[in-house]
Amino acid sequence: MSLVTAEQQTRIAEAIAEVERHTDAELVTVIAAASDDYRYIPLLWAALAALFVPALLYFTPLYELDPLYLFWAQAGVFVVLALALSMSAFRVRLIPRAVREWRASNMACRQFLEQGLHHTEGETGVLIFVSEAEHFVEILVDRGISALVEDDAWREIVADFLGEVRAGRVEAGLTHAIERCGEILARTVPKTEGNTNELDNRLILIGYE
Numbered sequence: 004m005s006l007v008t009a010e011q012q013t014r015i016a017e018a019i020a021e022v023e024r025h026t027d028a029e030l031v032t033v034i035a036a037a038s039d040d041y042r043y044i045p046l047l048w049a050a051l052a053a054l055f056v057p058a059l060l061y062f063t064p065l066y067e068l069d070p071l072y073l074f075w076a077q078a079g080v081f082v083v084l085a086l087a088l089s090m091s092a093f094r095v096r097l098i099p100r101a102v103r104e105w106r107a108s109n110m111a112c113r114q115f116l117e118q119g120l121h122h123t124e125g126e127t128g129v130l131i132f133v134s135e136a137e138h139f140v141e142i143l144v145d146r147g148i149s150a151l152v153e154d155d156a157w158r159e160i161v162a163d164f165l166g167e168v169r170a171g172r173v174e175a176g177l178t179h180a181i182e183r184c185g186e187i188l189a190r191t192v193p194k195t196e197g198n199t200n201e202l203d204n205r206l207i208l209i210g211y212e
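Residue numbers (the working numbering): 4 to 212.
Source of the hints: derived by calculation from the structure; they are not laboratory data. Every residue gets a Cβ at the ideal spot worked out from N, C-alpha and C, and that includes glycine. Any given hint could be a false lead.
Across the chosen pairs, the derived CB separations fall in these ranges [what the hints assert, rightly or not]:
(1) M90 to P193: 48 to 56 Å
(2) H179 to W75: 55 to 63 Å
(3) R172 to L208: 17 to 25 Å
(4) R172 to Y72: 53 to 61 Å
(5) H25 to H122: 17 to 25 Å
(6) L54 to A175: 45 to 53 Å
Model the full structure from these sequences, guided by the hints.
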């Protein structure tokens with residue numbers, strides 16, 4: 004299920020289009036369900052737990068069992084934990100925050116390239132990237148924008164948007180973030196005569212069925 008409904012997607016796309024009526028910049032917004040499937044994480048935790056089985060059994064009479072039994076005990080722990088922890092509800096919680104943010108930031112950079120924002124005229128591409136599973140938001144801008152706007156301006160927008168998300172106001176938060184980006188872009192890269200819309204104004208969803 005998407006973070007925003009079809010109706011909300013339409014309103015967000017309209018907000019993007021409104022921004023681009025007043026600026027030469029190209030604004031793209033991407034929402035990803037997750038920035039990685041993290042399938043390896045449950046396996047790592049299960050393997051680590053299985054390695055500790057002999058140490059735990061050392062303090063019980065079971066330690067005197069045949070090594071083959073110890074092997075099967077380890078295998079059982081590994082399989083059970085791997086299956087249990089593979090449930091999506093648990094998987095992301097097992098991942099260190101630094102790893103989650105690293106994967107999400109990498110995904111944001113990939114989307115900046117895949118959406119063609121690095122090829123815009125005047126290097127004025129702007130990406131608002133949201134990764135739901137990691138609770139991650141980032142605004143990336145091309146060189147033509149970064150030369151005119153301090154990074155703190157984008158960080159402030161991200162911080163306010165995250166606050167809206169925590170309060171359950173996803174659409175309002177995203178729309179407000181888009182509008183604030185638009186205000187900055189209209190001042191620094193105003194619309195010029197003859198400028199064409201290079202990229203679609205739709206909201207891009209990744210990883211949602």
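Right, here's what the structure says about each hint:
For the hinted restraint 48 to 56 Å between M90 and P193, the CB-CB distance of approximately 50 Å keeps it satisfied. At about 57 Å, the CB distance of H179 to W75 agrees with the hint of 55 to 63 Å. About 19 Å separates the C-beta atoms of R172 and L208, a value consistent with the hinted range of 17 to 25 Å. Checked against the hint of 53 to 61 Å, the C-beta distance between R172 and Y72 comes to roughly 56 Å, which is consistent with it.
Distance hint check: the CB atoms of H25 and H122 are about 22 Å apart, consistent with the given range 17 to 25 Å. Taking the beta carbon of each, L54 and A175 are about 48 Å apart, inside 45 to 53 Å as hinted.
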